[in-house]
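K.L.:
Residue-level listing of the chains:
There are 2 protein chains.
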Amino acid sequence: MRLESKLPEPEQGVDTRFLADWSGLTRGIPASLYRPRSVEEVSAILQHCNEQGRPVTIQGGLTGLAGGAVPADGDVAINLERMNAIEHIDELEGVMTVQAGATLLAVQEAAARAGWYFPIDLGARGSCQVGGNAATNAGGDRVVRYGTMRDSVLGVEAVLADGTVLSSLTRLVKNSAGLDLRFLFIGSEGTLGVITRLQLRLQPVPAPAVTAFAAAADTNALARLLRTLKRAPGVDLIAFEFMSGEFVRAGARLANQSCPLGDDYPWYVLIESAERRQDAGFSSLQQALEKTLEEGDILDCALSASLTDTEDFWRIRHSIPELMTELKPTVNFDCGLPWVEMEGFVDRVNAAMHERYPGATHLFFGHMGDNNIHLMSGPHRSEDMHDVEERVYAELRGRDGTISAEHGIGFIKKPYLGYTRNAAELAILRQLKAVFDPKNILNPGRVLD
Amino acid sequence: MRLESKLPEPEQGVDTRFLADWSGLTRGIPASLYRPRSVEEVSAILQHCNEQGRPVTIQGGLTGLAGGAVPADGDVAINLERMNAIEHIDELEGVMTVQAGATLLAVQEAAARAGWYFPIDLGARGSCQVGGNAATNAGGDRVVRYGTMRDSVLGVEAVLADGTVLSSLTRLVKNSAGLDLRFLFIGSEGTLGVITRLQLRLQPVPAPAVTAFAAAADTNALARLLRTLKRAPGVDLIAFEFMSGEFVRAGARLANQSCPLGDDYPWYVLIESAERRQDAGFSSLQQALEKTLEEGDILDCALSASLTDTEDFWRIRHSIPELMTELKPTVNFDCGLPWVEMEGFVDRVNAAMHERYPGATHLFFGHMGDNNIHLMSGPHRSEDMHDVEERVYAELRGRDGTISAEHGIGFIKKPYLGYTRNAAELAILRQLKAVFDPKNILNPGRVLD
Chain A
1 MRLESKLPEP EQGVDTRFLA DWSGLTRGIP ASLYRPRSVE EVSAILQHCN
51 EQGRPVTIQG GLTGLAGGAV PADGDVAINL ERMNAIEHID ELEGVMTVQA
101 GATLLAVQEA AARAGWYFPI DLGARGSCQV GGNAATNAGG DRVVRYGTMR
151 DSVLGVEAVL ADGTVLSSLT RLVKNSAGLD LRFLFIGSEG TLGVITRLQL
201 RLQPVPAPAV TAFAAAADTN ALARLLRTLK RAPGVDLIAF EFMSGEFVRA
251 GARLANQSCP LGDDYPWYVL IESAERRQDA GFSSLQQALE KTLEEGDILD
301 CALSASLTDT EDFWRIRHSI PELMTELKPT VNFDCGLPWV EMEGFVDRVN
351 AAMHERYPGA THLFFGHMGD NNIHLMSGPH RSEDMHDVEE RVYAELRGRD
401 GTISAEHGIG FIKKPYLGYT RNAAELAILR QLKAVFDPKN ILNPGRVLD
Chain B
1 MRLESKLPEP EQGVDTRFLA DWSGLTRGIP ASLYRPRSVE EVSAILQHCN
51 EQGRPVTIQG GLTGLAGGAV PADGDVAINL ERMNAIEHID ELEGVMTVQA
101 GATLLAVQEA AARAGWYFPI DLGARGSCQV GGNAATNAGG DRVVRYGTMR
151 DSVLGVEAVL ADGTVLSSLT RLVKNSAGLD LRFLFIGSEG TLGVITRLQL
201 RLQPVPAPAV TAFAAAADTN ALARLLRTLK RAPGVDLIAF EFMSGEFVRA
251 GARLANQSCP LGDDYPWYVL IESAERRQDA GFSSLQQALE KTLEEGDILD
301 CALSASLTDT EDFWRIRHSI PELMTELKPT VNFDCGLPWV EMEGFVDRVN
351 AAMHERYPGA THLFFGHMGD NNIHLMSGPH RSEDMHDVEE RVYAELRGRD
401 GTISAEHGIG FIKKPYLGYT RNAAELAILR QLKAVFDPKN ILNPGRVLD
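Heads up: the protein sequence lines correspond to chains A and B, in order. With this note's numbering, the residue at position 19 of the first sequence is 19, and numbering never jumps. With this note's numbering, the residue at position 120 of the second sequence is 120, and numbering never jumps.
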C-alpha cells in the first residue's frame, strides 16, 4: 500500500538525547530529526529519503547496548516516540493493538488495567519502546517462562524503505496461509523496515512469585537443578538467574548487604516460581529444592520469607550498574551456549583472561533457561578491548554458541558476526537486505557491512 | 556451503504411493523419484535440477490436505523418507537433532525413551515426517499449550534451489546475532528450500490428563470458558476442542454411542488438563468447571471417570473420517478467526449455506485456543464446490481471519490466498520466492502462481 504523501517538517538542532544509546557510543550529529505522528508520515519520510538515497537511523527509546540506533553525521533520524497509542485491547482473548513508540511500561500497565499481563520485562521498561523491543527481539528476565518478544508478537505493520506500508497485522495464534512475514522484522534491528504497529499476545496474570537463592558447585549442577525445577509438580518457573560467586560477593558488598547464603560458594542462582497454590502454606519450589539439596545438586538454599528478602536477592542480581562503575572501563558480553558447553566455556575464558589480564575482574552471570551467559570484564585499556573480545568469542566457535543472545549486533558487535553465522547465512542476510532496501538507506552499517 | 556432487541414480516406475496426498488430489506421474540418503545427495539433486530448470516436488509423508506434495507429470520428485535418523538427543537440556524424514511418531518415541516429550501431535503421526511438519508449520491437538511446530523448532538445515546447503542449526532458545533464518522455511511449504535437518526443543513429560466434556449455548460462552480455564489455579490446559451440537450428535450416532451429556445442546467442548496434582483425589479442572456451571457460562459438564470415558469423548471428536464418508463429497475448511468473530461467522455461514444448499449438512468444530475453526460441509456436487468455498471465505474478509490455520495453501487453497493476504504481502512473498528460487523449480505452482 502506498499512501498519499504527508511529509512532515523535520526538526533542526537535534537534542542531545537523540545522539547516543545506553552503550554510550556516539557517531555524530544527524542532519535532521523526524518524530512522525502516523504511519502515513513514516511512509512519506522514507519515500523521500529513498528517492534521495539519504541514510536513515531508526530510533526507539535508545536503550540499546549495541549502538544500533545511534545516528551518524548527516543522517536522517526517525524517532517513533510520538506514535505511542495503545489502540485496542481485546479483553476476551487477550490481544493488544499498539503503535510502535509506546513504552514497554505503558504496554505492561495497559495490559494490567485490562486484567491481563504482558510478560516481556527489562530494566529499561520505562524508556524502551515496544517497536524497538520487537526490532531487537528483546528478552529479559522472564524468557524461561514466556519466551522472547518474538513469542509475544502476533502481527506486525512495517514501512519498507520505499515507503510501502506492509500490513501483516494478523492476531491469530495459528495461520498457515503463506509464509509468516513478521519474522523478517523481529530481530532485524531496523535493517529491513520500520515497525510502526504491533499485535501483542497478552497472558493471564501470574500468581505471586515464590523466590529462592541457592548455591551450587558448578554450572552443570545448575543445569541439572533447572531441569529438575522444570519438571517439579506445582513449580511454575519464571526466573532462573545464575551468578558466579565472585559476582555475588562483589554485588553484596556494593549493596552493603550480606550474601543470602554463605559467601564462599562457586555459583549461586536466584529462582522465582509463580505457583498457583491451592494451599497458601505450601511451596512446591521449597519442596523441590529440599529434595535437590538432599541429592547434592545444590549446596545450600534460602527461601524468601518477606518482601525485604526478595528485594535483597534481586538487589544483588541487579547490581550491574554499580559493578560496571567499579570495574570500568569494562567489556560486556552477551553470549549464548548450550548448557553442556557452559562449564568448559567459563573455565577456558577464565584461564585465558587471568593469564593475559591478571589485574582485571571477570564476572559471569545470566539467564540459564535462555542459554544466555553474560560476562563483565574490567578494567581494560581501550587498546586491549578488541583482544578481549576476540579471546572470548574464540571460545564460542564450534560450540553452537552465539555472540549475542539478546542485545543484538548493531555497530558494536558487527566485527564479530562471523564468529556466529556461517558464510551461507551471511549471504542470505545480504540478499534479504538487498531485496528490502536496495539503496541501503535503513540503518546502514548495522549488523552487516 | 556447496558440497561435492554425489548425484544418486533416480528411480523410474514410481510407486503409486508417491502420487497423491491425503487430500486425494493427483496431478500426474513424475519422470523420476529420488530418495536421497544424505544432505550431500539432496544438494547434488537440486544442483542438477536447477541447472536443467526441472520442476521438483518435495515430499515428506504425503499426509497433507492441500495437495502441496502431489507431483505433476514429468516432475522430479524427492522424498525424504530415507533420511530418518534421530542423530542426537541432549538429555540434560532436552534438544533433539533429527533428519527431516523421521516420522513424527519416531520423534515422539525417541523423546520418550530419553525421558522427554515432543508435544506436536496429529492423527498422521505414524506417516508424516518432521520435515513436512516444519515446512507446513503443523499444529494439531496440543497447540493451546505448546504452540505450533514453529515453537518446537530451534534450528533448521535446508538446501536451497541451487544446491547450497544453508546450515542454520542453532539450538539456542535465544539468539540475537542477525536475523533468524529458520522462519524462511517453517511454513514455506517447500517453496524456498528443502529442509534436511532440524534441532527440536523437547518438553518435560506432562502429568496424566484429566478429561471433561462440557456443553454451552454459543461460541462466546466457549471463549469465556477458555479464558477462565487459562487462569484457573492448578489447571494446565492441553486441549480445548469445540464441536457444534450437530457434529456431536452425528459423531455419537456413527460411533454407536450416546452423547456424554444431553444431546440437545448447541455446542460442546472436549477439555484436557495435564494437572500436576499434589493430591490424587483432587481435580482443579473439576473445581473450575463447577464454578463456571454455577455462573452460567456452561450448561452441563461431565468429567471422565475412566479410560473408557476418555476414549468415548475422543471418539466423537475423532469421528471425522466416518463423517466425511457419510457426507461425501464434502468441502472441508480450515479457517482461523479471533474469538469475538466466531459466533457471527458461524451464524452468517450457516444462514448462507442453508439458504443456498438446503440439502447439505454443515458441521463446525476446531481448536478454539488456536483461533482455528473447521467446517465440514456436504454433500456437494463438484460444480458447486467453488461456490461453497467462495461463500465461506467471503465471510472472513475484513475480520482478521485466515483461510488456512494449519493445513497450508498448497494447490488446493491457492485460488483463495487473496482473501487472506493483502497485495503488499503477496508482493513480498513473490520477491522472496524469486531470491531463493529464481528458476522456480521448488514446488512450482504451490501457494503462489
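Quick caveat, the hints were computed from the structure, so don't treat them as lab data. A few of these clues could be false.
If several chains are the same, the list does not tell them apart, and a pair holds so long as it fits within one copy or across any two.
Computed list of lysine to aspartate or glutamate pairs in EDC-like fashion (alpha-carbon distance at most 20 Å, straight line) [claimed, not checked]: (1) K230 x E93; (2) K439 x D162; (3) K230 x D400; (4) K439 x D73; (5) K328 x D162; (6) K230 x E355.
K.L.:
Indicate, hint by hint, whether the structure satisfies it.
P.N.:
Evaluated hints:
In this homomeric assembly, K230 and E93 come within 20 Å of each other (Cα to Cα) only across copies, at 11 Å, whereas the closest approach inside a single copy is 27 Å. Within a single copy, K439 and D162 get their C-alpha atoms as close as 9 Å, which meets the 20 Å cut-off; across copies the closest is 26 Å, which misses it. When the C-alpha separation of K230 and D400 is checked against a cutoff of 20 Å, the pair qualifies neither within a copy, at 23 Å, nor between copies, at 36 Å. Taking CA atoms no more than 20 Å apart as the test, K439 paired with D73 passes inside one copy only; the shortest distance there is 18 Å, against 42 Å between copies.
For the identical chains of this complex, K328 and D162 are neighbours neither inside a copy (43 Å) nor across copies (50 Å), given an alpha-carbon limit of 20 Å. Neither within a single protomer nor between protomers do K230 and E355 lie at most 20 Å apart by alpha-carbon distance, with minima of 38 Å and 53 Å respectively.
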